[in-house]
Amino acid sequence: MKYILLLLIVVFSADCSRKIQFEIEPNNNLNEANEISIKSEVKGKLSSPSDKDYFTFSVDSEINVKIEVSAIRGINHAFGVFSASGGEGAVIKYVDDARKSSPEKLANLTLSKGKYYIAVSHGERDEKKGDDSAEYILSVYPSDSSVSEIEPNDFFDSAQRIDFGGEITGYFSPAFNKLNQNSKGRYREEDIFYFSVDASEENPTVIDASLSAVKGINSVIEICDADGNTVFTADFAGEGKSESVNGLGLMKSGNYYARIYSKSMTENFDEKYYFSLKKGDFSPERELEGNNDFGNANPLQDKISGTVSDSKDIDYFFRSGESGRFYSVTVLGNAVKASIFDKSYRKIYSSDNASGLIVFPNVFCEGGFYVSVGTKNSSDPQDYTITIGEYEAEKGFETEPNDSIKSAGSIDDSVKGYYSYNGDKDYYKINPGSREKIKFKIRGIDNTEMTVSVTDALGYRIKTVTVKGSSEIEFSEIIDVSAYLIVEFSGTVSDSDYSIDMIKQR
Amino acid sequence: MKMLFIWFLAAAAACSGGSSVMKSDPVILGGSASNTNPTGVIGLEYKRPYNYNVKLVIKDSSISNPNDDRRCFYKIYVNKVEAGRSTIGLESQEKHIEFKLENNRHLIKVEKYVLNEKKGSYEKVNNIDQPKPDFIYFDTESDKILNIELNHKSASGNSGEFSLSFEKK
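Top line first, the protein sequences correspond to chains A and B. With the first sequence counted from 1, adding 199 to any position gets you the working numbering. With the second sequence counted from 1, adding 379 to any position gets you the working numbering.
Simulated from the structure, these hints should not be mistaken for lab results. Just so it is clear, CB atoms sit at the ideal spot from N, CA and C, and this is done for glycine as well. Some clues are possibly wrong.
Computed list of chain B residues with no C-beta within reach of chain A, every gap over 12 Å [what the hints assert, rightly or not]:
#1 444
#2 446
#3 465
#4 466
#5 475
#6 516
#7 547
Listed below are the simulated DSSO-like cross-link pairs for lysine-lysine, each with C-alpha atoms no more than 30 Å apart in a straight line [unchecked claim]:
#8 A:640 / B:426
#9 A:594 / A:542
#10 A:314 / A:383
#11 A:638 / B:459
#12 A:662 / B:426
#13 B:474 / B:426
#14 A:667 / B:454
#15 B:438 / A:628
#16 B:488 / A:636
#17 A:638 / B:532
#18 A:462 / A:327
#19 A:703 / B:532
#20 A:502 / A:478
#21 B:426 / A:667
#22 B:488 / A:662
#23 B:548 / A:640
From the structure, some residues in chain B lie toward chain A, with a derived Cβ separation under 8 Å [claimed, not checked]:
#24 443
#25 445
#26 463
#27 464
#28 504
#29 507
#30 514
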C-alpha cells in the first residue's frame, strides 16, 4: 500500500510538470504570431475553415529540429515553416500528408541563426471545416544530434555535398513535398546530395553507394549527371531493404547528384537512414554499372566480370566482331541468365542454364553483338564472368538465329551445328531442285539427345529420328524439291558440335 | 494364215477403244489386286524404262468436300521393305512414286499418312481407314513401264481399287 501511494504521487507529479501553453488568438498572420521556443509544445485549434495559426521562435546557432503537429480527428491539416527574412512567400518546408486524422511530422529540419515562423492550417485535401472542440499540439524539439543531412536538400540547387568515403544520416520525412512540382515525381520528398568527379572515357571513376534499410520504406537511389539526367537508378530491393549502387562508371568530369527517396511516398519519422559513397577501382575486366541498356553497354574484349544486383538489374556488353569469324560466349555464374543480341537488338540466343555455365558456342554477327546478363528471379546479388573465344569461321557451320522456318539456313550437302541454349532449335532448308531420295548421316553430341525431323516443303514433319549422345545414325527420305530439317535437343548444352551429311541416292 | 488374221483383228479392236475397261491412254491391263500377265497385246509402242519401270499413282476420287480433303502421302513397301513414299498432295490429288524393279513378280503395299496440322506432322491413319486392299501383286517386264493406279475411295468404305497398264510413248 505504501508503494502504491508512492507511485501515484510520482505519476501525478510527473503529469503536473508537463505544462502546455495554449495559442492566443488572434494569431492569424505573421505579425500576430505567438512566441514559442524550441523544446516546447503548444495547443491550438483550427476553429474555422479559414483559421490559420502562426507561431514564431528564434534560433541562436545552427540546429536540427523536429516538428510535429498532432492529429485532429476528421481534419486534414498541414504546417509550413518560414524564415523571417524570406517571409511567408519563402517557405522552407511545407508539410501535408493529405490525410485526415493523422499527425503531420517533420523529422529533421536544419535551421541557421535567425527567426522562424510555423503556420498551422487546413491541408489542401478535403473540405476545409473548423472544429472548435478539437485541439492539436504543436511540438518543436531538437532532433537527433547525429543526423547529418541538412534539410531542406530537396532540389539540385539546395543539394548537400557528400565526399567519397563519407556517410550521411537522414530521414525519409516528411511523406510529401508539396513544393516539388517536377512532373517526374511530383510532390515527392527527396534528399539530394552532390559529389564531384574527375573522369574520362579512358579512365572512368567507379562509384559504390549504399543506402541502409529503413522499416516501411522502399527506397530508391538515383544518380544524375550535372544536367539532371538520370544515369543510373538503384531500385532493386523492396520495402524495408537496403539499396545499393555497385561499380557505377562515370566517364565525364563534373558534379553528379545522388537523389534518395521513398518510392511509395511513405515516411519514417523515427528511423534514420545511412547513405554512404565510396570510390571504386577501375578495371577493363570489371563491368561499369550504368550498363543497363543497349545504349550504355560496356565494351567487351576477352573477359569481363560483373554483378547483377537483383532480378531487375540487367547488364549489357558489346563485343565488336569481324566478318568471317565466329565467337563463343561463356557466362559463368550461379542463378544468372544470358542473351545474345545482334547489332539491331534482335535476340539471337537466350539461356538460363541451371548448371551455372551458359555457353553460346557459335555467335556469328556481322559487326558485333551484345551480351546481356540478368538474374533468374534472385533477390540476392549474383556475380558472373563472361569469356569470349574468337575463331575463324568454317564453311558449313550453322548460322544463328535459325530457330524457325523463316530463319532457316540453306545447306547443300553437310552442316555442323550446336546445341546453343536450352530450347534451342535449328532449322535448315534443303533444296535439291527435284524429287530426290537422300541418305542422311547424323552424328550427335555427348550427353545430349537430338531429334532430327525431315519435313515437307511447308515444314510439316514427315519423319523424325532420335540420336542419343554422340552416336551416328543413317536414314533415307525422299525430298520433294524442297524440305526442312528441324533439329531439337534435350540434355546438357554443349560446346561440341553435331553434324549432318546428306548424300543423294538413286 | 487364218489364225494370224484373227489375232490381227483382236489387236486392232483393243487399239481402237473397244474394250469396256480401257481408257484412252494408256492401255488397261487389269483391275484386280492381282494382275494378269499383260501379254497378247501388240501393235503399240510402249515407253521403254529408263530410271524406273514401275510407277504407282494414288488418288481418292471419293472426296468432293474441301473440308475433308487433307494433305497426305503414302508410304510404300515393296516386297515388304520400305521403299519410299509418294509425293505429297491433297487426298483428291494424284500422288506418285516410281521404282526400278527387276523382272519378276512383286508385292507392293501402301500405308496412308495424313497431316495433323495441330501437331505439325504427318500421322499414319488407323488401320480401319487404310485402303482395302492395301496391296497388289504384279509382274514387271523389262521393256515396259508398268503404271499401277490405286483409287483409294476413303469416303466409300475405304475401298482400294487397283488398275494396271503399260505406259505408252
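Right, here's what the structure says about each hint:
1. 444: The claim holds: residue 444 of chain B sits with its nearest Cβ about 22 Å from chain A, beyond 12 Å.
2. 446: Fine: 18 Å to the nearest Cβ keeps residue 446 of chain B off the interface.
3. 465: Residue 465 of chain B is in fact no farther than 12 Å from some Cβ atom of chain A, at 9 Å.
4. 466: Given a closest Cβ separation of 6 Å, the condition is violated.
5. 475: Violated, because the least Cβ-Cβ distance between residue 475 of chain B and chain A comes to about 9 Å, which does not exceed 12 Å.
6. 516: 24 Å, holds
7. 547: Its Cβ never comes within 12 Å of chain A, the nearest being 23 Å, so this holds.
8. A:640 / B:426: Violated, at roughly 36 Å.
9. A:594 / A:542: 23 Å, holds
10. A:314 / A:383: The given pair, whose Cα atoms are some 34 Å apart, is violated under the 30 Å limit.
11. A:638 / B:459: Status holds; Cα separation ~20 Å.
12. A:662 / B:426: Answer violated: residue 662 of chain A to residue 426 of chain B is near 34 Å, above 30 Å.
13. B:474 / B:426: 21 Å, holds
14. A:667 / B:454: With a Cα-Cα distance of about 26 Å, the restraint between residue 667 of chain A and residue 454 of chain B holds, given a limit of 30 Å.
15. B:438 / A:628: 28 Å, holds
16. B:488 / A:636: Since the Cα atoms of residue 488 of chain B and residue 636 of chain A sit roughly 19 Å apart, the hinted pair holds (cutoff 30 Å).
17. A:638 / B:532: Judged against 30 Å, a Cα distance of about 33 Å means the pair is violated.
18. A:462 / A:327: 29 Å, holds
19. A:703 / B:532: 34 Å, violated
20. A:502 / A:478: 23 Å, holds
21. B:426 / A:667: It is violated: about 47 Å lies between the C-alpha atoms, which goes past 30 Å.
22. B:488 / A:662: Given that 30 Å is the threshold and the Cα spacing comes to 19 Å, the pair holds.
23. B:548 / A:640: 39 Å, violated
24. 443: Violated, about 24 Å.
25. 445: Not OK, violated: residue 445 of chain B not within 8 Å of chain A, min 17 Å.
26. 463: 5 Å, holds
27. 464: 6 Å, holds
28. 504: At about 15 Å, which exceeds the 8 Å cut-off, the nearest Cβ of chain A leaves the hint on residue 504 of chain B violated.
29. 507: Result: violated, 23 Å to nearest chain A Cβ.
30. 514: With Cβ-Cβ at 20 Å, over 8 Å, it is violated.
Against the hints set out earlier in the document, violations occur for numbers 3, 4, 5, 8, 10, 12, 17, 19, 21, 23, 24, 25, 28, 29, 30.
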